[in-house]
Each structure stands twice: as C-alpha cells, then as structure tokens.
Amino acid sequence: KKRFIPEDRGRLVTAFLQRFFTRYVDYDFTANLEEELDAIAGGHVEWKEALRQFWIDFNRVIGETKNLKISEVIDHLDEELGPHFFPRGEEDRKCPACSTGRLSLKFGKFGAFIGCINYPECKFTKPLEIAGGEDGDDKDAAAALANEPKILGTDPDTGRSVSLRRGPYGPYVQIDPPEESKDKPKRQGIPKGVDIAAMDLAAALKLLALPREVGTHPESGKKIEAGIGRFGPYLKHDGKFKSIPKDDDVMSIGMNRAVELLAQPVKETWRTKKKAEMLAKKEAEKAEKAAAKAAKKAPAKKAAAKKKPAAKKAAAKKAPAKKAPAKKSKSE
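Counting with full-length UniProt numbering, you get residues 1 to 332 for the letters of the sequence shown.
Bear in mind the hints are in silico, worked out from the structure with no lab data behind them.
Any given hint might turn out to be false.
To be verified - Straight-line distance between alpha carbons at most 30 Å, and here's what the computed DSSO-like set of lysine-lysine pairs gives:
hint: 1; residue 1: Lys236; residue 2: Lys206
hint: 2; residue 1: Lys48; residue 2: Lys69
hint: 3; residue 1: Lys206; residue 2: Lys246
hint: 4; residue 1: Lys236; residue 2: Lys296
hint: 5; residue 1: Lys192; residue 2: Lys223
All chains, full assembly: derive it from the sequences and hints.
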C-alpha cells in the first residue's frame with residue numbers, strides 16, 4: 001500500500017496552516033528555502049542574516065493571527081473540512097440525538113470533536129479519529145475519551161484513581177495526582193494493536209509498571225529492560241535502545257528473545273547516517289581547534305644569530321728585494 005493516509009488531527013493542522021500561514025506551506029517557499037540553505041552551506045549567504053529576515057516575516061504573520069477570534073478559526077476549519085467529516089452534506093450534519101440541531105466541528109479541553117450546536121441542551125458528541133484498536137480506529141473507545149477521561153479504578157499502592165485518557169500521541173493510562181499536586185503524574189502510552197475498549201484496571205496497572213526488568217545480559221552482566229516509549233515498545237541495554245517487533249509482546253518478552261534482538265545489527269537509516277556524519281564533522285572540528293590551540297601555545301623558535309664574517313687580516317708587506325751588486329767587467 002505504501003501510502004500516507006492523514007489522520008483527522010493532521011487534516012486540521014493542514015487546513016489551519018493553509019488558511020492562516022499560506023506562504024509557509026507553499027511549494028515555491030520550500031523550494032526557495034532549500035536553495036537559500038544550499039547557499040548558506042556554500043558560504044555565499046550569511047546564516048544570521050537569512051534567519052533574521054525569516055523571523056521578521058514570520059513574526060509579522062504570528063502577530064496577525066493573534067487578533068483572530070477562536071470562533072473565526074473554528075468556522076473556517078468546519079467549512080474547509082466539512083466534506084471530509086460530513087460527506088453527504090447537510091444530511092450527515094443533522095443531529096441524531098435531538099433531530100433539530102446541526103453538527104459542526106468543536107474544540108474542548110481534550111481536543112477537537114463533532115458536537116451539536118444546541119449544546120448544552122443537546123449533549124451529543126462524536127469523536128474524531130483516534131489511534132487505538134486493531135485498525136487504529138476504535139470508535140466506541142474513542143467516544144469515551146472524546147471529552148473527558150475514563151476512570152478505570154483505584155491504584156492499590158497509592159490509593160489514587162487510574163484513568164484512561166487521550167493525548168497528542170494517542171490514548172494512555174495515568175495514575176491521577178492529587179488536585180493540589182504539581183508533580184508530573186505517572187503515565188504510560190497504550191501501544192498500537194491494543195483494544196482500548198477492553199482496557200480495564202488490571203491491564204492499566206501492568207502498563208503503568210513498565211519499564212520492567214527482563215533479566216541480566218549473559219555477556220555484559222548489565223540489566224535488560226522492556227518498556228513503551230513515544231515510538232513504541234523497546235528494549236534497553238547498556239544505554240542503548242532496540243525496537244521490539246510487532247510480533248513480540250512487551251509484557252511477556254523473555255531473556256532469550258531479548259538477547260537475540262539486541263544482537264541484531266542496527267539498520268542504517270537516514271537519521272542514523274546523518275547523525276554519524278554530524279558526529280564525524282564535530283570530531284574533525286574539535287581536532288582542528290585543538291591543533292590550532294596547541295600551535296598558539298607552542299613557543300616560537302628564536303632565529304639563529306647570523307655569524308659575523310671574520311675580519312680579514314691585512315697581508316704583511318714584503319720587504320723589497322735587495323738588488324745584487326753589479327759585477328765588474330775584466331777591462332776595469
């Protein structure tokens with residue numbers, strides 16, 4: 001299938017950006033931005049100046065949106081996404097509870113939902129698509145979380161209530177803190193494939209007990225933990241993480257399987273490759289700076305003093321040769 005199918009939250013964000021931040025989702029803008037980034041990388045454009053100019057324009061648009069009323073935004077989104085939420089038009093907008101009201105997009109404490117305009121006389125609500133269930137769209141469970149949390153029971157250790165809630169990354173369970181407390185409550189996301197409609201107190205407490213210790217690695221002697229993070233179930237060992245495949249259960253995965261998964265080589269992705277390149281670049285820059293610093297600290301060698309040429313001795317004057325006396329001739 002290999003297709004991206006936008007969720008309702010994604011459709012809302014896209015419609016909002018297209019209406020109020022049109023320039024920044026325009027194809028030409030992203031294309032020009034790529035060219036500008038290439039120019040910065042090539043040293044032809046100063047990055048601070050490019051960032052300053054971007055912020056001036058972006059900050060101006062933010063200032064304009066601050067003056068908008070929330071009702072204006074909701075009305076626009078309701079009109080823009082009407083064909084998606086109500087494919088048969090006014091027929092689908094008729095409230096099934098009171099028969100006189102009209103359904104429209106609304107926003108509450110826990111996010112966007114479909115509601116009747118006759119509220120509070122008519123309290124009919126319908127959730128947007130929420131991740132959960134085998135096909136990622138458990139409508140009954142989503143309805144329970146559309147406007148308020150679902151209380152599952154009481155945590156036996158703390159005596160506090162345990163609730164099923166909806167967050168930006170999907171449904172999760174939480175041990176509710178006292179009202180006056182400012183401490184962050186203990187939470188745990190519900191992995192995909194779990195039927196949230198069947199979520200009860202026992203299942204919630206098992207999730208809240210994560211991460212759990214699987215055992216000790218036979219080679220390193222360090223513990224292996226299994227848990228659920230933002231990107232799904234994982235194994236943790238010696239500070240490193242390994243994703244748990246869909247066919248394995250984070251709640252029951254054992255030592256042998258955990259060691260087997262941890263031994264598998266990490267697949268190189270664009271993210272890991274980019275990270276390795278950045279680390280290599282940083283190390284090279286670090287080494288270059290260290291070398292430059294060491295060169296500055298090293299004392300400069302003194303130039304050897306030039307030797308003065310030896311003074312030439314004056315050549316000793318030779319005494320004039322004595323002339324031999326002239327020989328007398330025999331006639332004299």
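Looking back at the numbered hints, which does the structure fail to meet, lowest number first? Of the numbered hints given earlier, those the structure breaks are 2 and 4, listed in rising order.
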